[in-house]
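Chains A and B, in that order, give the protein sequences.
Its first residue numbered 1, the first sequence is counted upward by one per residue in the working numbering.
Its first residue numbered 172, the second sequence is counted upward by one per residue in the working numbering.
No lab work stands behind these hints: they were computed from the structure.
By construction, the Cβ of each residue, glycine as well, lies at the ideal position given by its N, Cα and C atoms.
Some clues are possibly wrong.
Stated by the list, open to error - Estimated spans, in silico, between C-beta atoms of each pair:
#: 1; chain 1: B; residue 1: 543; chain 2: A; residue 2: 37; range: 52 to 60 Å
#: 2; chain 1: A; residue 1: 100; chain 2: B; residue 2: 329; range: 45 to 53 Å
#: 3; chain 1: B; residue 1: 261; chain 2: A; residue 2: 36; range: 36 to 44 Å
#: 4; chain 1: B; residue 1: 501; chain 2: A; residue 2: 87; range: 24 to 32 Å
#: 5; chain 1: A; residue 1: 59; chain 2: B; residue 2: 400; range: 48 to 56 Å
#: 6; chain 1: B; residue 1: 540; chain 2: A; residue 2: 36; range: 56 to 64 Å
#: 7; chain 1: B; residue 1: 464; chain 2: A; residue 2: 100; range: 49 to 57 Å
Each chain is listed here by its residues.
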Amino acid sequence: MYASEAKSVLVFLARRTLDAEVALGLTAETFAQAWRGWGRLEPRAAEETRAWLFTIARRQLGRYLRRGRVERRALRQLGIEVPVVSDHDIAQIGEAAALASLRGALGVELASLGVEQREALRLRVVDELPYVVVAQRLGITEATARARVSRGLRALARVLDPMAKAEGRAG
Amino acid sequence: MSHEMRVLAELGDEFARLAGESGSSRRRARWRWRPLVVTLVVVVGGATVALAATGVLNVGKPVRDATAPPVPSAGNGSGRATSSRILGVRAQDPGGGLAWGMRLATTTRGLGCLEVARVQDGSVGVVGQDHAFSDDGKFHPLPVALSATSPACAPLDRRGRLFLNVNVGDVPASGVNASGLDVSGSCVPPSAHELGGAFCPGRDERNLYYGLLGPRARTLTYTGEHGAQRTLELHGPDGAYLIVTRAVEAPGSINNAISASLDPSAPITTVTYSNGLRCNFAEPLPTVHDECRLPLGYLPRPTPHYTHAQLASPVRAVARPAGRGRWKLMVSFIAHAPITNALSEYVIQLQGPHGWYGSSSATSIGAGTRITQPLPAPLPLAPGTYHGTVVFATSTTPGAPSAALAINHGTDVIVGRFTIHIR
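In isolation and in its complexed conformation, chain B is listed as follows (with noise of 0.2 Å):
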């Protein structure tokens, strides 16, 4: 079928194959119906029944990354090419079938990220049920780069290791847990309440705790189903864990959200470690032992520590009328410090009529750069004076990268202030 639109062409060359199968004739085509939806049942059933007996799965098309590809220096900046690795920890799904896995990759802004998924021949995927793929039953691999949207990511340490701890719940068993993916088939938890439609039915949902708790580590306590402790071996150098639950089992539940964090939370209890150290995460963080405070074998990365003298730039601040109320504003100043990494970034402030609006750089910076931005959207500005200040930010929390940065942090260093009229 020609047209002159390549989907479009490709749609109907789908038509086109469907009325060739069916035949012309109105009663015909119905009649066949019937046997094709059959040989789809038989299929289906047989490749069920062939995971269960083999446990592989026929490869289907890899899974799209729907999201822009990640820029190198901006935001979580882009997988490094070789630091892609699946790392030898498994878990067994509730459900039987493919085993869950976890990929560690490194990023060209100092971050490592984790991603997890089921697992098939050395590759992390997504299986073709709970509505993903239309259900086909294949084993669909991960895209080999890196998402611009990876979630579960956080600074490498001084000497480039991960240490993280991710909680994501109510995942589809078919492994589909990152935002970012073309799965757009898949079904949803009922805690997505706002779309109604195909929610994922209860048995098909998981809860996911995983992370790295470093080379040290050596084993992991964790509240399981019934409130039962079960106890694992971290896996490998990297001290990696991999635990899945049905997420109806779960202590508490996770509400389809994911945290990442350096500590470890519940459902984890106690961490031991290499020297005897035994860490308690089930009491309240204040009473937890100091060495625990951080993972044993943990060096923080050096911050910059930079003065007001070494960083102040003349701030220019220019407002336009965007229509109805609304103002873009625009901000110029010279970044004096490099950003080489996501731990720091320059952050423009403004104490609007309702509150702070803020805009952070996120991208990496030369020494000495002009950098003009705009804040991200037209404000709606009342006549008056306002106030803004341009700092440059820098992550003093291990583990989280300057983007968690609270406005007005404590560290900040202020670079320069502004003054806006709106008349």
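Chain A on its own, in the form it takes in the complex (with noise of 0.2 Å):
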């Protein structure tokens, strides 16, 4: 399973938190607790333990937007170690989102929220600056910097909703 899913959950999820990182920690929880869960799971078809996986990455994602951080709690229980991302795996999960394209169509989307998460969003998803960064141009702890990053993608999620039952099926 994880060697024909693992891309296209990489790939929902890069493209709901525009986050190559992020989207990385989230896809290895995903698979964590979907290993933790493998041995409940009855005999289904493809297609149903897809979807299956795939309500473990949206139950994810949701967690993340509600508290801005990836959980890591099967992770840790597995003892599994999430690769560091250099610069060059962003550009290759970049690529593979499309998450260039993406960012020019929420550039146009962030102009409906409301100022500070617009801010956030802005520095933190279109120019691709670090939390800390962020934090420092809007003068407030990185914490917060990252609350409001979640918030406003929640925000967003009608926006980026829609391709996720295309991604779904596809791949």
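Since each chain sits alone in its own frame, please combine them into the complex, following the hints.
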């Protein structure tokens, strides 16, 4: 399942978080949770198994958007190391998920948000600045910057979500 | 496992390893989990015992700097390769374990920066606890290079020495206290309530008070637990001190904030010097003895003085529509005065409908360079006429880099003015 679905899950999450590193963390935790639940899963058709996997991924995404942090509970329990992401990896994931065009589309939608979320999202998502720089630019703590970005992404879910179904079917 | 993306391939290898350990059958896998978990508990518990007995932790993977590498000519600059040194000062942690220590580095833009973390074998680092590094109990060395976002930096004085006092609140006992470091699993203080989730337990939060008071400082007195006055000898030629308390024991709350200044502040009450001078910082600032206004031995760096005539340049400003009533502003001028360190910069200011918009060069510039600089974000400007200025700003506050300057600071030199018309 990992071999066939890992990239789809990663792309799915990258297009909703617009952050390659976060997406990889969520992907890892998704498969770690899937690993734990696999033993309790009754034999199913491949399509159903896939839907189950994406349900876990969506749940992880929801937690991330609420909390601004990537859950790592299952990863810790299993002792799994998430690879460190290099600039090359970020570019590769961005290309696979076509983040550049998505960022362009979002630039327009950002205008619909409140000024605080918009500025945080613009700096993080469009300008691709590290959270610490976003925090400095906005004069807030890094924690607050993360929270504003995740809330902003949640607010933009209506833009991001229509693509989810298409990706869930693809690949 | 083959995968076109390296990170997915490596992650796949982790799961493949797991599959190899736990077998392929469902029943067998479920039963093999329990010994694995028990083994981990024993190993971590064993590591804790080893720490208590020997004070030495296994070394884990180094902490990664998650931010872009520092640029030698911009911002704080980059750390000078030979300048980084671990100072001799140490502080015990209230919960035991590795001591805390301090690293000093100077930068290419004339600043000195302090980093505080746990210390082992002459390295500063983070302990895998409080959710950092999945609680692996290991010592993870900090990056050798200074982070671009190191928050505790100030200009060196005329003799190239750093004088600085830093307070940081609610730091996890793991030692994670620099925001640019990649320790994303680390717990957060409850004061960062926006996040929810993995809060650090109160017993694992620390307040850090540290700094350098210079070669002539001898002792420091501070208000400790239950209001008790404690005095400590300052360390080495830098006059270094490092105080670590449980966050709940500190007088007042720092609330997850960091402050850095030339003058000591609470909980520090008194500093004594080699000439017998005794400075009391518990008093309101206006009543502080004149000789205590600056640390003894501190020599401010000379600041450049220019006149408007020397720096005057035509300023060209172009506004281009960015959609939805926003405008991108590009400002161009000649920088007649060079920028050689972090104490000076060119600042572009625009009086908008809701206040000032500003942008600073924050980078080193050669004399006579044409600067073309955008304001950082598209501005929401209604049709009308707007006025702006370009100023050369220099820090005149001892110890404060120019970034701390307020707009329209009295010592700014106006380079030129510009007007834009939005239709």
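The hints, checked one at a time:
Take residue 543(B) and residue 37(A): their Cβ atoms lie about 56 Å apart, and the range 52 to 60 Å holds. Taking the beta carbon of each, residue 100(A) and residue 329(B) are about 49 Å apart, inside 45 to 53 Å as hinted. Residue 261(B) and residue 36(A) have their C-beta atoms about 43 Å apart, which keeps the hinted 36 to 44 Å range intact. Checking the proposed 24 to 32 Å range against residue 501(B) and residue 87(A) shows it holds: the Cβ atoms sit about 28 Å from each other.
Remark: the range hint 48 to 56 Å for residue 59(A) to residue 400(B) is upheld by a beta-carbon distance near 53 Å. Between residue 540(B) and residue 36(A) the C-beta distance comes to about 59 Å, which sits within the given range of 56 to 64 Å. Our hint of 49 to 57 Å for residue 464(B) and residue 100(A) holds, since their Cβ atoms are close to 54 Å apart.
This entry satisfies every hint, going by the numbered hints stated previously.
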